[in-house]
Amino acid sequence: MNQTPNMQARQTSRLSRLVNIGVPYFWLGLFFLLPFVIVLQISLSEPALAQPPYRLLWEWVEEGLLQIQINLQNFMLIWEDDIYLYAFLNSLWVALVCTLICLLLGYPMAYAIATARERHRIPLLMLIILPFWTSFLIRVYAWIGILNTNGLLNHFLLWLGVIDTPLQILHTQTAVYIGVVYSYLPFMILPLYANLTRLDPTLLEAAADLGCRPLRAFMRVTLPLSMPGIVAGSMLVFIPVVGEFVIPDLLGSPGSLMVGKLMWTEFFSNKDWPLASALAIVLLGLLVIPFVLMQRLQQNLDEGRT
Amino acid sequence: MRFLSMSHQTLALALSLLIGVPFASQAEEQVHLYNWSDYFAEDTLSGFESRSGIHPVLDVYDSNEVLEAKLFAGSSGYDLIFPTARPFAARHIKAGLYRPLDASALAGLDRLDPDIMKSLEEIDPGHRYLVPYMWGSTGIGLNLKKVRAALGDEAALDTWGLVFDPDKASKLAGCGIALLDDATEVFAAALAYLGKDPNSLDKEDLAAASDLIKGAHPYIRYFHSSQYISDLANGDLCVAHGYSGDVLQAKARAEEAGKGVEVGYRIPREGAVLWTDVMAIPSDAPNPAAAHAFIAYLLDPEVIAGISNYVYYANPNLAATSLLDAELRKDPGIYPPPEVKAHLFTLKERGDREIRNLNRLWTRLKADR
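One line per chain: the protein sequences are A and B, in this order.
In the numbering used here, each residue carries its 1-based index in the first sequence increased by 17.
Just so it is clear: in the second sequence, position 349 is 339 by the numbering used here, and no numbers are missing.
Isolated chain A, as found in the complex (with noise of 0.2 Å):
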């Protein structure tokens, strides 16, 4: 009653804030730390022939008495069994490889763009997001047509003469490599574009005008400012790939195995949720790494700079 109008606004102040961090955290928390809490939940389960097939951590034994059993088999299982060790692995590597086909086919891409003429560098972007109007399934169904033996690549080669019998692409490595740098492309060249737009073209004016060369001038000046860009766009490649599953499902050969193949076959075909779980939070686990290098990264950049 006695509070000074000043003070009210304060508190006003203070109750807004209060609601703009909220807000993000109480979404944080309901999709993103209860899901994690669930799965971890599960992952330390037993599984059992019930609905839904595991045993709950916590038992009511008597009244007053919880009784509650942790269960780390299953993650020594994954670290016992070496099939997982190499599913993990293989899976990191097929990133790697795709995240530095996507930069390599990317950045290009991403430059001519960022730096063609004002009113073409809409229908270009248009060009990249065009294909996200089509279900990404059916985009990579697409492709069992384009490389089956029967398929019009191989017809198309034939037709020309390069190949006289038809090459063996699907299901192989090879496919999942162009599926997923086909799939994940727009994802590095959307970010890196919109890095190269707001790059001041007037630092490239000045180094050409202290006698820099444009190989060099992008070297030194183009390449270092699209950095936070490149590590965007590779994250957000890296990531998805290392869990994908329908790439090397549909394209893929049997020995190309995937820790989301994996996950996929104890999920359903074992009915062990609580194994699945537990390779889930291990994948966590190791996308936590190039997070956390990113951010170093970032911090360095920003310092170096400053």
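If you are wondering where the hints come from, they were derived from the structure by calculation, not from laboratory data.
Predicted model, so just to flag it, every value in this text is computed and none were measured.
Some clues are possibly wrong.
To be verified - Which bits of chain B does chain A cover? Going by a derived footprint, with three or more residues having C-beta under 8 Å, they are:
#1 52 to 66
#2 83 to 89
#3 209 to 215
#4 219 to 228
#5 339 to 349
Glycine included, C-beta positions come from ideal geometry on N, C-alpha and C.
Based on the hints, put chain B in the right spot on chain A.
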């Protein structure tokens, strides 16, 4: 009261106008079916709707595992499902996932093949939960011309050796060999080829089978449970380990396409899996009455014969056999003659731990590790 119901109607009308069609269509009775892909005839669903007034909504799967995962997760929303009896439906009965059937709502149960009913009795005593839908075998689908070109006209085609004998498989690898992505099926086939009990869990037997599969691995193009249908039909595969009706569907598609691809189905002489797919109602089915109506509809000999004519699987309805196309009745792949049928065996139930071990062994084999 009248006023109230009227106001409800107006409200519903207003809402349905607001949101469009969905609201209106929810008012009619529905039955949610979850079945294998390509496992009904084209007119099966429309026939049921015009007969009963209930609107059937169909979702499809291509492996028992996917169905099973949804069942175990709970609240799948399906009223009627079509799992394979062994080991899947047997396990689901144990886990209490099914609702007991009301036999009084199912006229025509007495027309079902007593042999098949007897074999289901073991997993479903008293037939409380399951009604058989179709049965078939798991054998070998072939591109006849290409296989003969690779192995010679005289070569025996009714043998697992096409897949497991490196000498033969290496000649066929170029035009493509595919195996089902199913540990139980592949191990059963490998054990049968080795002349051992296909249901064996003996460590030495499994090791021998897994060595056999390992030896064949370089010649196998992929492991998949439905892709081979279109690949066989298009001539992209030479040999496919697959379900009888699926291979015969590929055969029909190849004939339709008229590109000269000739598909054949063989039951290997070393033995092959005989399976039965059944109908069951999940315990949490939203509309079990409609599910009963649908089972009763499928018990109609004309309806089930129409489906068999379309999907190339044998049905257990004895009254329907005379209604089948002669081509089907005489096809040894669909109704095998007694001397071939003697080679067929059923899969036995296994414990969860054994299945997991087998599946992990399978994962390792597929990845060639």
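Consistency of the hints with the structure:
no.	hint	result
1	52 to 66	holds (count 9)
2	83 to 89	holds (count 4)
3	209 to 215	holds (count 4)
4	219 to 228	holds (count 3)
5	339 to 349	holds (count 4)
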